[in-house]
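Visitor: Okay, here's what each chain looks like letter by letter:
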Amino acid sequence: MALLEVRDLRVAFNTPDGVLEAVRGLSFDVDRGSTLAIVGESGSGKSVATQTITGLTSGARVSGSARFDGTELIGASSEVLRTIRGARIGMIFQDPLSSLHPYYTVGWQIVEMIRAHDRSVSTAAARRRAADLLGVVGIPHARTRIDDYPHQFSGGMRQRVMIAMAMALDPVLLIADEPTTALDVTVQAQVLAVMRRLQEDFGTAIILITHDLGVVAEMSDEVVVMYAGSAMERAARRTLFYANHHPYSEGLLGSLPARGGARDRLTPILGVPPSLIGLPAGCPFAPRCPYAFARCWSETPPLRMVFDDPAHTSACWLTTVLGDRESLRAARVQRELDQPRASTPAPRVEVGP
Amino acid sequence: MTEPLLRVEGLTKSFPVSSGSWRRDTAKVHAVDDVTLEIDAGETLGLVGETGCGKSTLARCMARLYDVTSGTVWFDGRDITHLDRREMRVVRRDVQMIFQDPYGSLNPRRRVGAIIGDPFVIHGTATGRELKTKVQDLMATVGLNPEHYNRFPAEFSGGQRQRIGVARALALRPKLVICDEPVSALDVSIQAQIINLLIDLQDEFSLTYLFITHDLSVVRHVSDRIAVMYLAKVVETAPTPALFSTTRHPYTRALLSALPVPDPDLADSREQIVLSGDLPTPTDPPSGCRFHTRCPKARQDCVATEPALRPVLGDTVEHPTACHHPLTIGEDLSLARPHIDAAQTVDDDAVPLGAAAPTEPGGESR
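Chains as they are written, first to last, in UniProt numbering: chain A, 1 to 353; chain B, 1 to 366.
Hints were generated in silico from the structure; no laboratory data involved.
Fair warning: there could be bad hints in the mix.
What the hints assert, rightly or not - Computed Cβ-Cβ distance ranges for the label pairs, DEER-style:
no., chain 1, residue 1, chain 2, residue 2, range
1, B, Phe15, A, Val62, 46 to 56 Å
2, A, Asp95, B, Leu333, 50 to 60 Å
3, A, Gly278, B, Asp137, 43 to 53 Å
4, A, Ala243, B, Thr12, 25 to 35 Å
5, A, Phe13, B, Val121, 41 to 51 Å
6, A, Thr319, B, Ile329, 46 to 56 Å
7, B, Asp84, A, Phe13, 50 to 60 Å
8, B, Thr51, A, Val62, 56 to 66 Å
Ideal placement from N, C-alpha and C gives every residue a C-beta, glycine not left out.
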């Protein structure tokens, strides 16, 4: 049994403009000790999904199920969630400065965290544990720096403090939401190395939320690609990069500056992501998909197995015969040429109105 | 050999740091320190480096948005270092900028047509109907719908806003466009659209670009030459292929190795150099070579003397490196260990991520 089983998770928010469906039927599993990367662009619902699982989206309309180690989290009472959050599921966020309290020393905050979950631990023991943790995540002079305030640490060091705090109670699952997005590349490499080592030493499962496909390639075991609130494709790491099925995955990888070919034109995904308010039927990616055909506009494709690989699912009506794609692409290009959209300017149109 | 379009020589820019209850200027931070760099007409020079290395300050000095502390800026054969506002206005037609934040760099209360039309109005080159036609032509050129002339910036997506910024920069047909992290705030699929647009426009209008970014994969894709900055200094400059094939400076190599590659097999097999420590603070830069506190190859002479930026190991003049112990081809930097007299690098706590970990209590490097 997987450590975390999420089934048909739906999250919607009421906004002045209508109901915003941030997550629309998301399902995934996380196995013990493995890393699942959830990748997607801004607004794809990747952060909302994990925040909902840990009960951090108040005011949202939530349905579906998320079973964590046998406990249902969706609809669980705040007492139940409080015993799980922090203790069994650790969390790190993108911006470590706004996640740490500026008025308290980092040591105080870690001690507070440990003792909030177990009052039987003495403050002195918790402090020793906090110092050890800071050492483990690679903060030099941990025993003196424990009394420093968050602003006295650099960005990379602050993220290490966050990791130390998230790992304080030996969680079995760590949710890392864009943990290195705010960091420089050399510091990012340090933080990723710390996460990798902690996973090896403690067997923690990790959900890594990111938009950076490079980080996915380096860190993950499995990958879920999200778009407009639902999973487009789920596959093992190498499968996703070398034998993906969904046109959105293909498009994401295609729009990266290639290693080598300088100054060649990139192949961006045309258009912009859809609004999540009143999304029409059919595949949400159809308006930007180079292969879209009639069925894509009328029926929403479910995640289904592709290439006879039980670990590889894709929400796309395309067959697995890749040769068919070229004729579909040609057909779509022909259609666009036949009926140019009225409001588009003549040269170099890449963004629709 | 023709003259470069832009040349800066010995450029230094320092800012005062004030502290204490009377906000007295107590120190100086050298954001750019003695930089000499050239940009040839028609080329794209990539400028890379981490947060706080001075790359944006250097660009702003080149555009004379900042007054330089010392050094000279030559543009198109003319010394523009000390031109006054009026004289600068003429030069500004030829030097334009595109900024990182497509939200912050457009006035939210003005219509797009007015924003893009501003350069024409300021320089008095078009009015009335002609102005509107010119603006709409520009909008079509950058892939915006000319009918959206009367919309506000908030009605556009991030990628489209960046197109507005590009249109405004191109309005007066500049010679040099300084792009300061133009795609960093955009999602990958949109990022590719803007990169394509910039490359197409360069071909169409024979533009020269200074392309500033921290993203090495982007800079590699667009640049003819790349300059790498570390703590206010240029440490290596080379034509793009040479920088990647014969990397000389250990910092450049570390930067390249830290970049996550979207290719699992390569990610698993390649050399990984994880630098220890953070960027030192530019108010009090390390002695000698500024990279010595984090460099795996640091030796005693690196602490003592600052290396000059010059070709090393038989490289061409196009490829200068500021390093006492440059890398040879195929050298494995991950095996190197620094050899410096203790004091600086001793660390009594557990430091699992490599040997030297300089610390700065209170060091704010970001």
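Visitor: Output the indices of the hints that this structure fails to meet, ascending.
Guide: Result: hints 2, 3, 4 and 8 break, sorted rising.
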